[in-house]
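Protein chains: 4
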Amino acid sequence: MVIVIQCTDGVGLVAAISKVLANEECNIVSMREHVDQEENKFFARIVAENVTDPVGIEERLTKVLPANAIVKVNPLPEKNIVVLVTREYHCLSDILTRNHFKTLGAKVKCVIGNHPDLMNITKRFDIPFHLVSHENKSRETFENDLMQLISPYKPDYLVLAKFMRILSPGFISAFNMKIINIHHSFLPAFTGANPYRKAYIRGVKIIGATAHFVTSDLDEGPIITQQIIPVNHSFTLQDMVKAGRENETAALAKAMQLVFEDRVFVYNNKTVVFD
Amino acid sequence: MVIVIQCTDGVGLVAAISKVLANEECNIVSMREHVDQEENKFFARIVAENVTDPVGIEERLTKVLPANAIVKVNPLPEKNIVVLVTREYHCLSDILTRNHFKTLGAKVKCVIGNHPDLMNITKRFDIPFHLVSHENKSRETFENDLMQLISPYKPDYLVLAKFMRILSPGFISAFNMKIINIHHSFLPAFTGANPYRKAYIRGVKIIGATAHFVTSDLDEGPIITQQIIPVNHSFTLQDMVKAGRENETAALAKAMQLVFEDRVFVYNNKTVVFD
Amino acid sequence: MVIVIQCTDGVGLVAAISKVLANEECNIVSMREHVDQEENKFFARIVAENVTDPVGIEERLTKVLPANAIVKVNPLPEKNIVVLVTREYHCLSDILTRNHFKTLGAKVKCVIGNHPDLMNITKRFDIPFHLVSHENKSRETFENDLMQLISPYKPDYLVLAKFMRILSPGFISAFNMKIINIHHSFLPAFTGANPYRKAYIRGVKIIGATAHFVTSDLDEGPIITQQIIPVNHSFTLQDMVKAGRENETAALAKAMQLVFEDRVFVYNNKTVVFD
Amino acid sequence: MVIVIQCTDGVGLVAAISKVLANEECNIVSMREHVDQEENKFFARIVAENVTDPVGIEERLTKVLPANAIVKVNPLPEKNIVVLVTREYHCLSDILTRNHFKTLGAKVKCVIGNHPDLMNITKRFDIPFHLVSHENKSRETFENDLMQLISPYKPDYLVLAKFMRILSPGFISAFNMKIINIHHSFLPAFTGANPYRKAYIRGVKIIGATAHFVTSDLDEGPIITQQIIPVNHSFTLQDMVKAGRENETAALAKAMQLVFEDRVFVYNNKTVVFD
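Residue numbers (the working numbering), protein chains in the order written: chain F, 60 to 334; chain A, 60 to 334; chain P, 60 to 334; chain Z, 60 to 334.
Chain F extracted, bound-state conformation (with noise of 0.2 Å):
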């Protein structure tokens, strides 16, 4: 059973919350505890085992740690997303096949695209599919159509698979921290649109992407991972986004994986991340 923890830090936390799990003849199976000196905040993951009464613990460690601590003994096991998408369908294809062989760590509830290409590889996958066009429409009722469609769903994330409009502060500030966006960039470099276009003039030797939450900051939210591949020369710009598909799908793939088994922390705007 999972426990992550993040509160300011002090002496002895690590001796109060450690105490508790013993008290209770839990073992410790593997304990990630970081520092952040200069914040003095305290962020910790512990998986641990024989854990019998996970309501009783977090009752128990948050008496003992300062007030403002999070706790969660066992968050969800399984989170439940939504997928938002345009056009691209490597990642979205990854999620299904994910989804569909149950090693994705979440159940895809639905996926919503903004244009309907899509809609046929989800279908194989006896996913729901919706389409939500932003055409001829004010982006604030276009948000609101996807808000209606999103909130049956309660999902606890959701994941933007190369969705390609821009959602208002309004919309993001709805999810805090519960939107996961793949950029095709190495963030900072290329920020808005076109970055392998940018990246391509340029003439770099390496492109990147990077996954992280969505914050009302375009492409400026915390980064929970990034992944890089060599390109050269010989590259033409389309040569880039082909090769940069897989590395898109392959850095969207591990950020989820690290949300969804709760290995990621975030203040500050940034992220700590177990893995």
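Don't take each hint at face value.
Where chains are identical, the list cannot tell them apart; a pair therefore holds if satisfied intra-copy or between any two copies.
[Said to hold, decoys possible] Heads up, simulated SDA-like pairs for lysine to any residue below, C-alpha to C-alpha not over 25 Å straight-line:
#1 329 to 293
#2 196 to 234
#3 168 to 184
#4 301 to 328
#5 166 to 121
#6 237 to 169
#7 100 to 300
#8 138 to 297
#9 161 to 139
#10 78 to 63
In case anyone wonders, no lab produced these hints; they're calculated from the structure.
Following the hints, complete the assembly by docking chains A, P and Z onto the known chain F.
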């Protein structure tokens, strides 16, 4: 023997080049060729055996190629370089070691520092060290002092091995595409000063180093090679700097090898690298 | 249009080849050439534009090259493949997805499994699935059954996507250098069965995957590509297997791309790969 | 201050350890903990601040831990090492440079070579070099000569920086898990002599280097770290050796850093590495 060619593209270039070589009974051991179709540029690097008349071949190749062709048969087999440094030892030590064991592919004529810190290590390898302080001097005077020291050595390349002064366009133009710099970030992310601090604050998961030719446009010159290393939340700023050093050393070493072996072609602020 | 050539080395080969192309007014867009000097072998892959008479060019190239030359102008632009599987889904799903979106560079004619587990996913993509059990059968009968199913499809390549049966030399010789396998280790480390278990026990810090052509010498065929991922003490055997899956999928995908784009030449139990 | 602990696993270990530290008002800055459940072993590395009584803490920790516990509070902050070499300079030069600039995390007491080739570079750094030829000598005599030279330096570790002699079990047992070797292959592939030749003949696409502790079982000791570099058909054997050197240097440097910072635990012919 190495032959490098750069010219406007056209039908029959490879035939024309290889016919010249075949007529001389030269054997082509390896040939790398690239055409940038957007720019209509042709690049080739040929390793040939049995080249008895390099000067004659260069003439005959020039005759069969477009007027603007740059042709070099057996370009300087060993380059002379001058290394500029400030205080950090890691890149310089690596250069001095390779120079000492004759695996650098170039000969270090001297090291120039704007601080005395690296005089000791340089002298241990019997290489001249010149101290040229930038203090209490205009940039013009500083660069004149540098130039006076450098000129007699007639270097083929200047290597900025963590040289922390910005050079003026005038100085740079005197060594057009002959100055190799190592920038301690994954350009174009984190241009300018303190890239590690910026990377630390941004919470990136990978940091990079970029070896590039210096142009008057700061940190915007043609990229020769880039290397990366993963980092995580446990890295303090100081840890990032430390880890980055290994990366910088490796990237600069790789770039020097590529340049000194005549594997790098520059055009359009990009490079073609036949690695 | 792609042109591939493999023959004994000699002076003037590139000249002879490029002259043929120049005479036809073909433009060489890119050319990769390699000579194995120990073995006296010549390999070239040319991408040419403006090829109006491929059959004629193949004839003219054959005439100017040594007697043993293998020349292919525009080798099958799209290959047909048959995929053999057992129970693990990850490589097959990736192949089916790429096939579905026409980014595989080949067409999957059918999938053959010795277990029924992957019938469902295959059918979701409207690809025929044939179950050929190996149980209660001699290897000869099993392979005859396979062969009868495969033959009508006339595949250019067989892809073993985690097919866990050993094939006999007889079967393999019927598809000489036409069977691509993914081995779940960094060959030649951990040949044979259970490589992850062996890697786990040995305490390695990196695990690999190797895509190779199958020869009668088990796990000893020519290597097409290898990929690795870091592991550490926290990985259980099961974690290694799971992490390895991503690696296997990526390595096999890369190998297929290289082979299907005619970038791979085999000789002497090695490959030349113009990637 | 670093605290390392290795013992049989049990319920309440982390609680017991952290209570001791909390009682002393020590703050736990970072804690890495691992349990091998199959082997029932517990490992921890703690960085604590405000440790005023290390000897007392070591005693108190020992009291609350299982009988077989190995506990070290502030293990030698700077290790002493003796470096053994043969002829290749790359690893030694790197060690000497880091030692000179005090970034090795250890102090090089002397270098011993069985050939004189590296005497010059060693002396440039003012480090004693001892020549101990193995010629015209039994292995026993050779190792006695080595031992007599090494003993007075009381080294914490011996580093074999491309030392090309096989050491006897007797010699090795005198430095149990204290000898760090760099093997120029991706173990367990290509054990024994001439790994690059074997890799070249096999046509691998990646070559590796393995830093490991030396045991009497040649090339079979616990692996500390492994690194790899891609190679391809264009690499001659000599190119592989040259490329491999960079890799060996980097892998050995990394392994030394990990060991000297007390991040490596050995058990069961494997390592736990808290990197």
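Hint check results:
1. 329 to 293: Answer is between; shortest inter-copy Cα gap is 12 Å, intra-copy 36 Å.
2. 196 to 234: Result: close within a single copy only, 22 Å intra versus 56 Å inter.
3. 168 to 184: both (12 Å within a copy, 21 Å between copies)
4. 301 to 328: Between copies only: 24 Å across, 30 Å inside.
5. 166 to 121: Neither way: residue 166 and residue 121 sit 29 Å apart in one copy and 47 Å across, limit 25 Å.
6. 237 to 169: Intra 16 Å, inter 41 Å, cutoff 25 Å: intra-copy only.
7. 100 to 300: between (40 Å within a copy, 23 Å between copies)
8. 138 to 297: between (36 Å within a copy, 22 Å between copies)
9. 161 to 139: Within one copy, since 12 Å is at most 25 Å while 31 Å is not.
10. 78 to 63: Close inside one copy (16 Å) and across copies (20 Å); limit 25 Å.
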